[in-house]
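Number of protein chains: 2
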Amino acid sequence: MEKFELHILGCGSALPTTRHFPTSQVLNVRDKLFMIDCGEGAQLQFRKSRLKFSRLNHIFISHLHGDHCFGLLGLISTLNLLGRTADLHIYSPKGLEELMAPMLAFFNREMTYRLFFHPFETKEATQIYEDRSLTVSTIPLRHRIPCCGFLFAEKPGLNHIVREMVDYYQVPLYELNRIKNGADYVTPEGELIPNSRLTRPAAPARRYAYCSDTLPLASVREQVRGVDLLFHEGTFAEEAAPRARETFHTTAAQAATLAREAGVKRLVIGHFSARYEDESLLLQEATRIFPDTVLARETLCLSVDGAEKT
Amino acid sequence: MEKFELHILGCGSALPTTRHFPTSQVLNVRDKLFMIDCGEGAQLQFRKSRLKFSRLNHIFISHLHGDHCFGLLGLISTLNLLGRTADLHIYSPKGLEELMAPMLAFFNREMTYRLFFHPFETKEATQIYEDRSLTVSTIPLRHRIPCCGFLFAEKPGLNHIVREMVDYYQVPLYELNRIKNGADYVTPEGELIPNSRLTRPAAPARRYAYCSDTLPLASVREQVRGVDLLFHEGTFAEEAAPRARETFHTTAAQAATLAREAGVKRLVIGHFSARYEDESLLLQEATRIFPDTVLARETLCLSVDGAEKT
Chain S
1 MEKFELHILG
11 CGSALPTTRH
21 FPTSQVLNVR
31 DKLFMIDCGE
41 GAQLQFRKSR
51 LKFSRLNHIF
61 ISHLHGDHCF
71 GLLGLISTLN
81 LLGRTADLHI
91 YSPKGLEELM
101 APMLAFFNRE
111 MTYRLFFHPF
121 ETKEATQIYE
131 DRSLTVSTIP
141 LRHRIPCCGF
151 LFAEKPGLNH
161 IVREMVDYYQ
171 VPLYELNRIK
181 NGADYVTPEG
191 ELIPNSRLTR
201 PAAPARRYAY
211 CSDTLPLASV
221 REQVRGVDLL
231 FHEGTFAEEA
241 APRARETFHT
251 TAAQAATLAR
261 EAGVKRLVIG
271 HFSARYEDES
281 LLLQEATRIF
291 PDTVLARETL
301 CLSVDGAEKT
Chain L
1 MEKFELHILG
11 CGSALPTTRH
21 FPTSQVLNVR
31 DKLFMIDCGE
41 GAQLQFRKSR
51 LKFSRLNHIF
61 ISHLHGDHCF
71 GLLGLISTLN
81 LLGRTADLHI
91 YSPKGLEELM
101 APMLAFFNRE
111 MTYRLFFHPF
121 ETKEATQIYE
131 DRSLTVSTIP
141 LRHRIPCCGF
151 LFAEKPGLNH
161 IVREMVDYYQ
171 VPLYELNRIK
181 NGADYVTPEG
191 ELIPNSRLTR
201 PAAPARRYAY
211 CSDTLPLASV
221 REQVRGVDLL
231 FHEGTFAEEA
241 APRARETFHT
251 TAAQAATLAR
261 EAGVKRLVIG
271 HFSARYEDES
281 LLLQEATRIF
291 PDTVLARETL
301 CLSVDGAEKT
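Order-wise, the sequence lines are chains S and L.
Numbering of the first sequence is given in our numbering, commencing with residue 1 and proceeding in unit increments.
Numbering of the second sequence is given in our numbering, commencing with residue 1 and proceeding in unit increments.
Hints listed in this document are in silico derivations from the structure and should not be mistaken for laboratory results.
Don't take each hint at face value.
[Claimed, not checked] Derived coverage of chain S by chain L (criterion: at least 3 residues anywhere in the stretch with Cβ under 8 Å from a Cβ of chain L; other residues may be distant):
1. 13-21
2. 29-43
3. 69-83
4. 155-164
[As the list claims (entries may be wrong)] A few chain L residues facing chain S, derived, Cβ under 7 Å:
5. A14
6. E40
7. S77
8. P102
9. A105
The C-beta atom is built at its ideal place from N, Cα and C for all residues, glycine as well.
Bound-form chain S, shown alone:
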């Protein structure tokens, strides 16, 4: 199966602790790297996770709070020092480019590569990225400032040709692409060979959803229905539910409830408040509701469709 892996670079929240970096993740889709949020130190954690800067071309920023974007300036500068030439694309709620422009101009007088900012609206779910194998759509969230999560969806793959059957029916080569795309085959004698006899179905298209920072939302539940892996913030334990509501955050138990109701396959919680010495209480409260929950931790790598990698 093609690679579809999530690397946690940081899973703390705004206040620094001795245990966590602020939020950043990297999704590895067939060796293309997609960064999601870029808190302070993201470039250091990126290196620690043994990822390659040259494979990173797209960065998605959920919202303009410092713990989700203060690592951008250092990362952009490092790529410049390294003499990068490929374009770099940054997707975020509007305002980021104007905000960063003076610092970028001062610290990177000459850029070896081009930087493109793609502001998105945060009110409606919108597809903001597409390539041959993947789409990325926003997931509108509700936080103290405009904020979106992201849904990474593989495109359905092509059916796999069953070599023996194609040989048996002497299917000409020029028909193979149509058949991969689901077409039946009609022999010169007029016999119809259904596609299902000529192919095996493609591996199921996989989906990863990232939701942070936000109140728990019914609209999110619908948008992430059935995903293979859901990252949802679980900043607080239940005892701090009023604090979560006040600050537009989610408790671990609320994240688990949403995961269960949305029928996702697996949940990873993060964006942990600095108040917790460790997050076992949050895990306990979540697994009671949704057993397939794991705690995020720095340098953790999860296969989106399967077992923990490291």
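Following the hints, position chain L against chain S.
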């Protein structure tokens, strides 16, 4: 002896590695904390070194390259989140305040404390800070952009009263301050008691000098003469001496030569290039010239006048 300790928060250079944070240090002088440079992740390392944000009131920035100041925005924001009320003072070559103003305004709409920027000239050695027990002066350096090191000098302490002698001569209490400051005492009978009989000398005033980033300079050698501890960048090994010259940096051996010629008591080298897997070669080249050299490393704590702490 009063505390005078150096904490290394980061000792890498511009490119991120898996082993080092960019430059930042904290000098603890009698439990007042002075930060020197503030590379990305400095606030995380500050916490890791178990230092207290409330004791930090002064930050000294050597020059406006990202690996020496990209941690400021995060640190300033964190102090705001924590509801700090005490003033914070930042000393740097000119331009920093204007550069940071838009980001500061956006990410910290309301500040709970006041921030004061103190730009300094980088051409001449100048005293830029003074309190009851300490002065801080700039050390002009030569780098690709305006840059200064810093000399932290304890003020000479008062002599210690020898209780037995003061009792013996029945010195009135109101004379004690003068005697601590070095005055002799004249008894009612007109006998002169020399100060040296009434006091023990104060502990020697200690000095710490920080020099990064720079070419090796004769003027620095004079300004740091005899200091208890010298931090000097030693970015490269000898094989890269041409590269060091080209980029306005110093090799470990050059730093050691400067330390020897300046008669400093101890040298710590840092600002290591990302090209070295470990820095044993740099240490070797330095100790051959100046044996009392140590390698900086993250969370290292050195007593300015003595042994390694952790």
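message: Please check whether the stretch 29-43 of chain S has three or more residues whose CB lies within less than 8 Å of a CB on chain L.
response: Coverage by chain L holds here, the residue count being 3 at a Cβ distance below 8 Å.
task: Using Cβ atoms only, decide whether L:E40 comes closer than 7 Å to chain S, and label the hint accordingly.
output: It holds, given that the least Cβ distance between L:E40 and chain S is near 4 Å, below 7 Å.
query: Measuring from the C-beta of L:S77 to each C-beta in chain S, is the shortest one below 7 Å?
result: Where the cut-off is 7 Å and the nearest Cβ of chain S is about 5 Å from L:S77, the hint holds.
Interface hint for L:P102, Cβ within 7 Å of any Cβ on chain S: Holds, because the Cβ-Cβ distance from L:P102 to chain S comes to roughly 6 Å (cut-off 7 Å).
message: Quick check on L:A14 please, does its C-beta sit within 7 Å of some C-beta on chain S?
response: Since the shortest Cβ distance to chain S is 6 Å, the answer is holds.
field: Coverage assertion for the stretch 69-83 of chain S with respect to chain L, Cβ distance below 8 Å, three residues required
entry: Satisfied; 8 residues make the cut.
Chain S contact restraint on L:A105 - CB to CB distance below 7 Å: violated, 10 Å
message: Quick check: do three or more residues in the stretch 13-21 of chain S have a beta carbon closer than 8 Å to a beta carbon of chain L?
response: Since three or more residues must qualify, the claim that chain L covers the stretch 13-21 of chain S holds, with 6 doing so at under 8 Å.
Outcome, coverage of the stretch 155-164 of chain S by chain L - at least 3 residues whose beta-carbon is closer than 8 Å to one in that chain: violated (count 0)
Consistency note: the structure conflicts with the earlier hints numbered 4, 9.
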